[in-house]
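Participant: With the hints as your guide, set chain W onto chain V.
2 protein chains.
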Amino acid sequence: MTYCLAVKVNDGLVFASDSRTNAGVDYINTYSKMHTFQLQEDRVIVVLSSGNLATSQAVINGLRRDLEEQSEINLGSVDYLFDAAHYVGQLSQRIQQEHSPSLARHSINAEASFILGGQIRNRELQLYLVYPEGNYISASDDTPFVQIGETKYGKPILDRVIRPTTTLEDTARCALVSLDSTMRSNISVGPPIELTICKKDSLRIDQHLSLNYDTPLYRSLQKSWNDGIRRAFSRLPRFEWESPSTK
Amino acid sequence: MTYCLAVKVNDGLVFASDSRTNAGVDYINTYSKMHTFQLQEDRVIVVLSSGNLATSQAVINGLRRDLEEQSEINLGSVDYLFDAAHYVGQLSQRIQQEHSPSLARHSINAEASFILGGQIRNRELQLYLVYPEGNYISASDDTPFVQIGETKYGKPILDRVIRPTTTLEDTARCALVSLDSTMRSNISVGPPIELTICKKDSLRIDQHLSLNYDTPLYRSLQKSWNDGIRRAFSRLPRFEWESPSTK
Numbered sequence: 001m002t003y004c005l006a007v008k009v010n011d012g013l014v015f016a017s018d019s020r021t022n023a024g025v026d027y028i029n030t031y032s033k034m035h036t037f038q039l040q041e042d043r044v045i046v047v048l049s050s051g052n053l054a055t056s057q058a059v060i061n062g063l064r065r066d067l068e069e070q071s072e073i074n075l076g077s078v079d080y081l082f083d084a085a086h087y088v089g090q091l092s093q094r095i096q097q098e099h100s101p102s103l104a105r106h107s108i109n110a111e112a113s114f115i116l117g118g119q120i121r122n123r124e125l126q127l128y129l130v131y132p133e134g135n136y137i138s139a140s141d142d143t144p145f146v147q148i149g150e151t152k153y154g155k156p157i158l159d160r161v162i163r164p165t166t167t168l169e170d171t172a173r174c175a176l177v178s179l180d181s182t183m184r185s186n187i188s189v190g191p192p193i194e195l196t197i198c199k200k201d202s203l204r205i206d207q208h209l210s211l212n213y214d215t216p217l218y219r220s221l222q223k224s225w226n227d228g229i230r231r232a233f234s235r236l237p238r239f240e241w242e243s244p245s246t247k
Numbered sequence: 001m002t003y004c005l006a007v008k009v010n011d012g013l014v015f016a017s018d019s020r021t022n023a024g025v026d027y028i029n030t031y032s033k034m035h036t037f038q039l040q041e042d043r044v045i046v047v048l049s050s051g052n053l054a055t056s057q058a059v060i061n062g063l064r065r066d067l068e069e070q071s072e073i074n075l076g077s078v079d080y081l082f083d084a085a086h087y088v089g090q091l092s093q094r095i096q097q098e099h100s101p102s103l104a105r106h107s108i109n110a111e112a113s114f115i116l117g118g119q120i121r122n123r124e125l126q127l128y129l130v131y132p133e134g135n136y137i138s139a140s141d142d143t144p145f146v147q148i149g150e151t152k153y154g155k156p157i158l159d160r161v162i163r164p165t166t167t168l169e170d171t172a173r174c175a176l177v178s179l180d181s182t183m184r185s186n187i188s189v190g191p192p193i194e195l196t197i198c199k200k201d202s203l204r205i206d207q208h209l210s211l212n213y214d215t216p217l218y219r220s221l222q223k224s225w226n227d228g229i230r231r232a233f234s235r236l237p238r239f240e241w242e243s244p245s246t247k
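Heads up: the sequence lines are chains V and W, in that order. Just so we're aligned, residue 1 is where the first sequence starts under the working numbering, counting upward by one. Just so we're aligned, residue 1 is where the second sequence starts under the working numbering, counting upward by one.
Pulled out of the complex, with its shape left as it was, chain V reads as follows (with noise of 0.2 angstroms):
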């Protein structure tokens, strides 16, 4: 299993992704699930992968050869990053035709999901959910965020928190917090998170950090996490049956 997620907000873009992969329960393994494309000076591309290994991997080996030969169609020569969605959608489905009859045979599933975000120079920030399928959609305003993989148990805080306004760091908090609620409820998402962030306007990744269980700022934001929701839960109204010195 694998859990990325990715948020737009009004100063830039958070990408986040867990590394763990695995083929049942018995074969686990680390790869990065974040993908950077710093292209020409006029764009920045982030790519997240979710679903079969070999697929993705495919995908994204294909993306590199693209634009190493100067294909057509590449990262670097699409006008719009709905043209890189609609690329990457494409690139998915050929694979994946190619691969589903073999796969099929032994009930392998072939499908792989993909989050692309990123900015063009004098155009706006862009962030899409590539589905399977080879069709996508947009974040937006009113849901800012995109996620791939196990995304249920990570989702309320989200819900809760993420809104256009919010600073790119809480945003990245916020993405740290989700990734860390999913990793102690599903062993199949694991360590080390990836985090990048892209400013508003700068065409760059401004920031990239892999983060451990033993990392000292991830570590202080598990323990600062915790003691927060115990205190909220503290201060939990009491029910009506409840002495105030129940508590």
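These are computed hints drawn from the structure, not numbers from a lab. Treat the hints with care, as some may be off.
The list treats identical chains as interchangeable, and a pair is accepted whether it falls inside one copy or across any two copies.
As the list claims (entries may be wrong) - DMTMM-like cross-link-like pairs, simulated, lysine to aspartate or glutamate; straight-line CA separation at most 20 angstroms:
| hint | residue 1 | residue 2 |
| --- | --- | --- |
| 1 | K199 | E150 |
| 2 | K200 | D79 |
| 3 | K200 | E124 |
| 4 | K199 | E242 |
Facilitator: Same frame as chain V, but now just chain W:
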């Protein structure tokens, strides 16, 4: 969809359920999913249901008819709560098997899941999750809660807070937060929330509440939790590149 959960702590049992049912998104109703049986003063049993509404209702009707007709096996006659879990599982399987062929022609799933918990005099508190297939597992000190329906959104807060030593009232508050988080993230889970508390060895329903969005307790709990989360959030550690004055 549905979200029901139950928790076994040292002091007793807490049950909580939403009340929304739906057939597609365009046919939404309100049904209680909490069914209580206070029997012969020697036992209390609570059953929560999720899944196909007709199957759930038929199972509950069957439980009540068997009680009324004093069938050989009924909730009042079983010696152990695992016998009750087994009986609910068998009944559920029988009903599913009766209706599955006609439902399958319309691609409708007949499955239902149940939580069954309570206490029989001179025995321990027990809590079971009965799968659609009729088999069942028990809660334990290491895994003190069971959930059915839309379980993921509300699990992180349970993982963080619930321990066997948690008080019944704190457990009940945690169950309400878990339901609130789920209702925010999935519109197919909705109010009223029912909450039942059974103290250890009381052999009866000690508290039963039905909470709607406009119930003062629920409103103050929602506000207090939101404020607490935001406060916890504002205290998370800063990134090294943030000046202390950023916040």
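Participant: Hints first: check each against the structure and report whether it holds.
Facilitator: Evaluated hints:
no., hint, in the structure
1, K199 / E150, "neither (27 angstroms within a copy, 36 angstroms between copies)"
2, K200 / D79, "within (18 angstroms within a copy, 67 angstroms between copies)"
3, K200 / E124, "within (8 angstroms within a copy, 60 angstroms between copies)"
4, K199 / E242, "between (50 angstroms within a copy, 14 angstroms between copies)"
Hint check: a violation occurs at hint 1 only; the rest are consistent with the structure.
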